[in-house]
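Asks: Heads up: the sequence lines are chains A and B, in that order. Mapping of the first sequence onto the working numbering: position 80 corresponds to residue 80, and the numbering continues sequentially without gaps. For any residue, its number in the working numbering is found by taking its place in the second sequence, counting from 1, and adding 1000.
A few of these clues could be false.
Taking beta-carbon pairs under 8 Å as the criterion, some of the chain A residues facing chain B (in silico) [unchecked claim]: (1) T92; (2) R93; (3) A97; (4) A123; (5) G151; (6) G161; (7) R222; (8) W267; (9) A296; (10) A303; (11) G304; (12) T308.
Source of the hints: derived by calculation from the structure; they are not laboratory data. Using N, Cα and C, we set each Cβ at its ideal position, and we do this for glycine too.
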Amino acid sequence: MTDPKTKLDIYRTMVLAQSWEQALMRLIDENLAPASYHPGRGSEGSEVACTMALRESDYLLYDHRGMAHIIAKGVPLVGLFGDFLGNELGTTRGYGAGIVHVADPDRGVLGQSGTLGGSQLIAAGAALSAKIRKTDQVTMCFFGDGAANRGTFHEAANAAGAWKLPLVFVVQNNGWAVSVPTEYSTGGAFVDRANGYGFPGVAVDGQNPFEVHDVAVEAVERARNGGGPTLIEVKTVRLLGHYLGDPQAYREAAERSTSATRDPIVWARAALKESGEATEEQLSAIEAEAIEQVEAAREQALAGAKPTADVLTEYLYV
Amino acid sequence: MTASSGARTITYSRAITEALDEEMARDERVVVLGEDVGRMGGIFGATPGLYEKYGADRVIDTPISEMFIVGGAVGLAITGLRPVAELQFADFIVNAADETLSKMSKWRYMHGGQFRVPMVLRMPEGATGGGGAEHSLCPEALMLSYPGAHIVVPSTPADAKGLLKAAIRDDNPVGFFEHKALYATRGAVPDDPDFVVPIGKADIKREGTDVTVIAWGRAVHWALAAADLAATDGTSVEVLDTRGLRPLDTDAIFASIEKTGRVVIAQEAPRTGGGASEISAVIAENVIDLLEGPIKRIGAMDVPIPQNPALEALVMPTPADIHLAVKELVG
Ligand SMILES: Cc1ncc(C[n+]2csc(CCOP(=O)(O)OP(=O)(O)O)c2C)c(N)n1
Ligand SMILES: [Mg+2]
Chain A
1 MTDPKTKLDI
11 YRTMVLAQSW
21 EQALMRLIDE
31 NLAPASYHPG
41 RGSEGSEVAC
51 TMALRESDYL
61 LYDHRGMAHI
71 IAKGVPLVGL
81 FGDFLGNELG
91 TTRGYGAGIV
101 HVADPDRGVL
111 GQSGTLGGSQ
121 LIAAGAALSA
131 KIRKTDQVTM
141 CFFGDGAANR
151 GTFHEAANAA
161 GAWKLPLVFV
171 VQNNGWAVSV
181 PTEYSTGGAF
191 VDRANGYGFP
201 GVAVDGQNPF
211 EVHDVAVEAV
221 ERARNGGGPT
231 LIEVKTVRLL
241 GHYLGDPQAY
251 REAAERSTSA
261 TRDPIVWARA
271 ALKESGEATE
281 EQLSAIEAEA
291 IEQVEAAREQ
301 ALAGAKPTAD
311 VLTEYLYV
Chain B
1001 MTASSGARTI
1011 TYSRAITEAL
1021 DEEMARDERV
1031 VVLGEDVGRM
1041 GGIFGATPGL
1051 YEKYGADRVI
1061 DTPISEMFIV
1071 GGAVGLAITG
1081 LRPVAELQFA
1091 DFIVNAADET
1101 LSKMSKWRYM
1111 HGGQFRVPMV
1121 LRMPEGATGG
1131 GGAEHSLCPE
1141 ALMLSYPGAH
1151 IVVPSTPADA
1161 KGLLKAAIRD
1171 DNPVGFFEHK
1181 ALYATRGAVP
1191 DDPDFVVPIG
1201 KADIKREGTD
1211 VTVIAWGRAV
1221 HWALAAADLA
1231 ATDGTSVEVL
1241 DTRGLRPLDT
1251 DAIFASIEKT
1261 GRVVIAQEAP
1271 RTGGGASEIS
1281 AVIAENVIDL
1291 LEGPIKRIGA
1301 MDVPIPQNPA
1311 LEALVMPTPA
1321 DIHLAVKELV
1331 G
């Protein structure tokens, strides 16, 4: 069971991710960052609670939805703003901008495959690497319900199952892949697929990050102790469009408003208060702190210099 | 070729095995993975004995999962290992196209230089009689329009060994094409365990003064045979082996053309859209005024490789085709 201190940490990190995203949207409004972004509102419960089950030396393959997993892995906010601003302070030194490839090798953040599903294979390789090198590192790989339908998943999951790799797959099932409903595009349940590859699958409600954390801790421990992979299917929601400015004409008003009631941040706040694990003052303080932290990072990141043409070939070959 | 002191005569496939063995012994981060590379020693016999010597953790028989072989190798490479992955046939590069062309080749660049991807992707290539349209290709040029990885194609046992060792030691990803028809060919290979052939340096396989024939991989041997034929006409052919397509040793190419003023480019891949087309363009852009005649390209017919070996032979370029092009140039 997630202890009260961890619960507060999860809440703090979710709020930090939310504040970060709000600040990013402001930068986009101010025309300081390109408008290509996949908002993460609604999936913070899944992304934060799973990632917080990892150690700094563990590997993370995040997905394109939001930045909460990356923030939970401890990547400094200045670097993330720098990536979206496309300046030298970014984790990719001004290469990224918009839908970025954040990288932080020292914190195990191995980057992102822009083609969906590519990260599943790289995650299987990273997990195999830990096994070969006999470290106890665990790899966690996030992807959406849409990306779960790529053939890459089959190849990665089969190898992971065959060799009991220390790998945790997190399927963030938000019911949509852009405009296509999951139930239309998908045969069977994602969670059931795990059994076919010889490892356990667990479905969990992403609105309750504390429960998600319990599940993730168990999966990470199993992986670390040689018990092999786990697939966690987190039922989550996409509170905003696929991309910023998506009019979402394909979505019924009723479905959107049901989703809106499943916000993990709102849920966790109420739960913490109700259980007496946090007071209104504590929660407000966490929220104010997050805004301050984000503001400071934003100011610092805005001072970064833009890259010049001389970097264009710098990173092509070693 | 006879072995001189400090060299032995071995096959091209033995040269590959020795390169892997020596580099695995030298650096425990080197691991080999692919279909049938372990217990069997590779379907073309290029990896025998490694599994017994280095164990299942370093010589990994993978499932038939080409995307995993290459994408997984990228994961190994960015987390401290130096994988040598094998696609059983070079044609299967398209089964792992995104992993090869976008993950292996771009991961470092996309992430602002935060990673190195020290991996080699070995790909047995070429038509050897009856492989058919999906097991016979030389798809080296496919990688050309995707910057980020070297493209190496050895033509002799010495080059195979020296270039593979260089590729394994290189911190960049390398697409390494081995011609299946060359595995059984023999040649002298230096004994020195630190014998490496630098990547991106062309080699003059035969000196000549009248016509330069540029080739790589198996076509080098066709070019040498064509040079013998041309010699009987009194024409002196220089055979320049590029040893691959990227980096391209343009200095060596231009120097040879400066000497001969005539150039034929021979490849096994279909004539259209191959390495020869790119090299032609580079020559035309830079040294067209040194040329006394048109640039000639020799390649396979622009058709899928027929399964029937007799038809395959009709599609493949031959030394006679190269010889004819040489004759046309010298008039
Ligand atoms: C191989 C590939 N196909 C398609 C796309 C374009 N694309 C980007 S995100 C996306 C939807 C992904 O849906 P899902 O995996 O459920 O994640 P979500 O956006 O819902 O978080 C699509 C189709 C892509 N980037 N890569
Ligand atoms: Mg989705």
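Asks: Of the numbered hints stated previously, which ones are contradicted by the structure, given in increasing order?
Replies: 3, 6, 7, 8, 9, 10, 11 and 12
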